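There are 2 protein chains.
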Amino acid sequence: MHKAWKTDPAKSLKAGPGFTLADVDPASTPGFKGDKKTGEEVLAADAADLAELQQRLYARGVEGDERRVLLILQGMDTAGKDGIVRHVIGATHPEGVHLKSFKAPTAWERRHDFLWRVARQVPAPGMLGVFNRSHYEDVLIQRVHQMARPEEIERRYGAINDFEAGLADRGISVLKVMLHISPEEQKKRLQERLDRPDKYWKYNPGDVTERGFWKEYQEAYQIAIERTSTDAAPWYVVPADKKWFARIAVQRLLDGVLEGFDLKWPLPSFDLAAERKRLKKS
Amino acid sequence: MHKAWKTDPAKSLKAGPGFTLADVDPASTPGFKGDKKTGEEVLAADAADLAELQQRLYARGVEGDERRVLLILQGMDTAGKDGIVRHVIGATHPEGVHLKSFKAPTAWERRHDFLWRVARQVPAPGMLGVFNRSHYEDVLIQRVHQMARPEEIERRYGAINDFEAGLADRGISVLKVMLHISPEEQKKRLQERLDRPDKYWKYNPGDVTERGFWKEYQEAYQIAIERTSTDAAPWYVVPADKKWFARIAVQRLLDGVLEGFDLKWPLPSFDLAAERKRLKKS
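Chains as they are written, first to last, in my numbering: chain U, 13 to 294; chain F, 13 to 294.
The hints are simulated quantities; they were obtained by calculation from the structure and are not laboratory data.
Computed from a predicted structure; not experimentally measured.
Be a bit skeptical, because a hint or two may be false.
No distinction is drawn between identical chains; accordingly, a pair holds when it is met within one copy or between any pair of copies.
Mimicking EDC-like on lysine to aspartate or glutamate, the simulated pairs with C-alpha atoms at most 20 Å apart in a straight line are [stated by the list, open to error]: (1) K214 x E197; (2) K211 x E197; (3) K227 x E197; (4) K200 x D283; (5) K115 x E149.
Extracted from the complex, chain U is given alone in its bound form (with noise of 0.2 Å):
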């Protein structure tokens, strides 16, 4: 761990009982002692583990160890989910990461169970799974606009729990990231995106619609925080109102999960020597 870092993400940001997002500072950067540059600094320096530590489980899952990690990305419009898949994910070998960003469901996957187009991109052994957006959509947005009937959206907080301790017993750790970004925040991305031409492809006039339910929102992420952050797969709320900060926060906790799991290179499946001959006469 970067020695900026004086308390680990891992703890300091995880949503434990009695957790209240509202307390959250959009802006501050736990357990962090420097500023934007030195944050920029750590981001550089650390790519190069996060990127050998996944070479390692992918090596790993090659020679059949079960372990992968799933990163879920959730947040509101223009709270940095991208940035962390082109900034952190994308430090790392594209043939080990399983990327899905799920959008609005297709008229076909909402005949199915919420959970049935999460459950087919669930990342295989060795492989770094990344969510942009999830099956959490399915108690926020659809909360807040009532799209499902509200004993259906009590019914799949357990079905999560459910969901998720199943992955968990099958090696997979999950890792759930909110980026937290403060309303004034997102007006300025917005904005921002209004104002550059490279930037309007990105803007949805549906987003300002949204930031009408701000409120709404936030409510329904503190319910699913509280529901849904177990043992089996915790939340980790980041402030996100400074870019930098989320991008490293999201770093390390990565490096903290794939440090845990101790991943040694995997030995050699064949004779070294017979091979080494072989090869030779080759």
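Fit chain F to the supplied structure of chain U, relying on the hints for placement.
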């Protein structure tokens, strides 16, 4: 195009009429004036260009442009396919990449036509698709080891041309790259996998067995290139004994295709002035 390029690889590496694989020196660096150090500078400098072009492609895809790119990577074992994925594709935004590595077909896949599993992996509009191996294995390894009847192998060349012409018609630019290495270079790379504990997992005893069929593979490549290097989907043969050269050559080929698209950022699909007002009030 970086000034160290004296001839565009799109010209110098293209397998046109009368192409002979045996005439290509795997250690050469056609069209490029510079050494490894220059090559590494070019790779780093052009990475940002490729990333920007890919973002434009992706943005246009979101707005309805049908165009996309499909890079097909072929080559003998250790030719450097994974390195291209890591160092060239890895510099772009993961969200815009559709990467598929084709392994030996499963029992289920073998019950379908050889193009079935490939057609399912064609990239969506706006995406940069990458096939690490491909349907060409069905006329390479399958030809060398007579895993299909000769008439079936014969049929496949035409089927591939029809399939790829259909892709081109739908706005998919197919870029087919053979990474061409020498048997001596392969031996060195395999030796490295036997010498370094962090590379054992990449070693496969079958690779040494396949070395015994080097001549047959070169013949199979020659025939495949002759039969399937079409105007719609030409082959490029990239000398790959020098990894740095292969990487900048593929990077340059990709850049060239995307530059040919003349990718302007999409115009806003909404009323810019109205949205600015709405955001201000929100």
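Right, here's what the structure says about each hint:
no.: 1; hint: K214 x E197; verdict: within (16 Å within a copy, 46 Å between copies)
no.: 2; hint: K211 x E197; verdict: within (16 Å within a copy, 46 Å between copies)
no.: 3; hint: K227 x E197; verdict: within (15 Å within a copy, 62 Å between copies)
no.: 4; hint: K200 x D283; verdict: between (60 Å within a copy, 19 Å between copies)
no.: 5; hint: K115 x E149; verdict: within (9 Å within a copy, 34 Å between copies)
Violated hints: none; the structure is consistent with every hint.
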